[in-house]
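Those protein sequence lines, which keep their order, are chains D and X. Per my numbering, the very first residue in the first sequence carries number 60; after that it's consecutive. Per my numbering, the very first residue in the second sequence carries number 2; after that it's consecutive.
No wet-lab data here; the hints were simulated from the structure. Certain hints may be false.
Claimed, not checked - Here's a subset of chain D near chain X, in silico, CB distances under 10 Å, partners left out:
(1) G102
(2) M105
(3) I106
(4) Y108
(5) F109
(6) E298
(7) W301
(8) D340
(9) N344
(10) A349
(11) S350
(12) A351
(13) V573
We put the CB at the ideal spot given by N, CA and C, even for glycine.
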Amino acid sequence: MAGPRKREHWGSSLGLILAMAGNAVGLGNFLRFPVQAAKNGGGAFMIPYFISFILIGLPLMWVEWTIGRRAGVLGHGSTPGAYQSVWHHPLAKYLGIMGILFPLVIVTYYTYIESWCLGYSILSVVGQLPKMPALHDIAVSQVLKPFADFLSGYMDARTFMGGQVIIPSVACYFFFLVTLILNVWILTRGVTKGIELLAKFAMPALFIMAGVLVVRVFTLGAPVNPDQTPLSGMAFLWEPQWSALLRPSVWLAAAGQIFFTLSLGFGAIITYASYLNEKDDIALNGLATASANEFAEVILGGSVAIPAAVIFFGVVGAQEIASGGSFSLGFVTMPAIFSHIPFGMIFSAFWFGLLFFAGITSSVALSQPIIAFLEDEFGWTKLRAALTLGIFLLIFTHIPIMLKGALDEMDFWAGTFGLVFGATIEVILLMWLFGSRKAWDELHRGSAIKAPRVFMYITKFVTPVLLLVILGAWAVMDIIMPAVKTMLAKGFGGWFMGFVGAGVGVWTARLFMVLIALLFAWLIKLAWQGRENQEGES
Amino acid sequence: MSWQGWAFVIIAWGVVGFLFLWCFYKVLRGKKGEDNS
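Please model the entire structure based on the sequences and the hints provided.
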């Protein structure tokens, strides 16, 4: 075991913000946000969305930056050490398991999804994606069928055991390997020469490609029907349905969207902030990161996919598409639209290219907490840590690739519940156990702006309560209510059989997550024992 | 699109756009951080 060692630092403020923004800007900005807005009240959705930004998003962003910078100064870049740097209790380091477990579980399937974007981008350029049939007098589902079939064949080329085991297409598997190698190569180069350099290239490229697509969508005119224009697309997304504000589910959706879009609770922001110097600004940089993400989401993300869907399929068609979910919008509807416009292959390549850049800047951020954990707590080199992670992902990504239901199960526990739970712990640790006044001073050490003091009270009292409300509401809606409904319909035995017989993929995913959590608990114990032995010897 | 729809577009884009430009102006201006604690 190695003691505190010299840690890397960001090369520039701009590089840091672009890397942080790269972490936050993901597929959700361009796929999840427009679908959520369209389904939850259009323009009216922006009211709970901005309120959630102020009451949850920005406070948590500052909480994570504050914990991260403090932890980095003390020689820790991952949550076990970071939590202990604000709460000197033996339990703190074990609570930190969440900040390495969840990103590891998420990156296990996220890299795979990211590889679809790379694959589709290349297949667009070489003209291998399907062509859209004539639009007149044909149902949306029929128009999109060749694209839905193509996606299905791309991911699930062959199935076994009644569809429980899936073999992807050769192209899908090839692009997964390329994506994985690319991720590992970037991680081996470290923070400045790897992650920061990637962000300095990928983020401007992403903004330019998104800008080109926005201009293209706004200049499409009315290619199908005189009533289906870019303006009607914007109206579909932005026209406020005031009654939506009375539905609690809309407020919950807005809070969830803010939470996911800013990549809070992953542990990645804490790790990135740990590479700051003691007096580097965090208040302005945290706000700049959040604002870059919101720009990419509200202005760019809201102006491409849904308006384009309305132009080609009308309001009714767009509603059907939105109800089909984010992936259908991105990987089925958008290629169909691009196949119908001049030079569509180039715009399609831009669309999937920007999704790939959004994905890879997020996946390296999700990987870095594990790298930092192995480097800081075990003294590993970044080459050794990155290669170990690469081999781990090469083996275990086959769970979400090949086992039906595994990806959704991992996303449900690690990518949804886990994150909100982790964020709740973080805010309690910093604002209650470390102390809100000390945290406020810590936030403003070296800061270029002074945050309004009301945020200290919001972060201490309002943010944790709202997070608990979200957790409780999700637990009721997604776990308790479905279980109660099944029990009422089929009795306890019926529910139990359904629970036990959830499928090979679901149970493999559950077992995988539990075993990784136990492995991390053991590694943390080992690392701290080594540290104590070393301190005892010296 | 009704005036309410336009109002939402203008306000949402305005707020987000202003925040984005203001933050990056402050960051790129490169003013060294002060101790505001």
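Can the hint on D/M105 be confirmed by a CB-to-CB distance to chain X that is less than 10 Å?
Since chain X brings a Cβ to about 5 Å from D/M105, closer than 10 Å, the hint holds.
Return the status of the interface hint for D/G102: holds when the least beta-carbon distance to chain X is below 10 Å, violated otherwise.
Check passed: Cβ of D/G102 comes within 3 Å of chain X, closer than 10 Å.
Tell me if the interface restraint on D/A349 is satisfied: Cβ within less than 10 Å of some Cβ in chain X.
It holds, given that the least Cβ distance between D/A349 and chain X is near 8 Å, below 10 Å.
Would the hint on D/W301 be counted as holding, given a Cβ-Cβ threshold of 10 Å to chain X?
holds (9 Å)
D/E298 as chain X interface residue, shortest Cβ-Cβ below 10 Å:
holds (4 Å)
Would you check whether D/S350 satisfies its interface hint, that is, whether its CB is within less than 10 Å of any CB in chain X?
Hint on D/S350: holds, closest Cβ of chain X at ~4 Å, below 10 Å.
Verify the interface restraint on D/D340: the C-beta must sit less than 10 Å from at least one C-beta of chain X.
Result: holds, 4 Å to nearest chain X Cβ.
Would the hint on D/V573 be counted as holding, given a Cβ-Cβ threshold of 10 Å to chain X?
violated (41 Å)
Are D/A351 and chain X close enough, Cβ to Cβ, to be under 10 Å, as the hint says?
Result: holds, 6 Å to nearest chain X Cβ.
Answer holds if the nearest beta-carbon of chain X is closer than 10 Å to that of D/F109; otherwise answer violated.
holds (7 Å)
Please verify that hint: D/Y108, Cβ, nearest Cβ of chain X, below 10 Å or not.
holds (9 Å)
Hint status (Cβ of D/I106 to nearest Cβ of chain X, threshold 10 Å):
holds (9 Å)
Checked against the numbered hints listed earlier, the structure breaks hint 13 alone; every other hint is satisfied.
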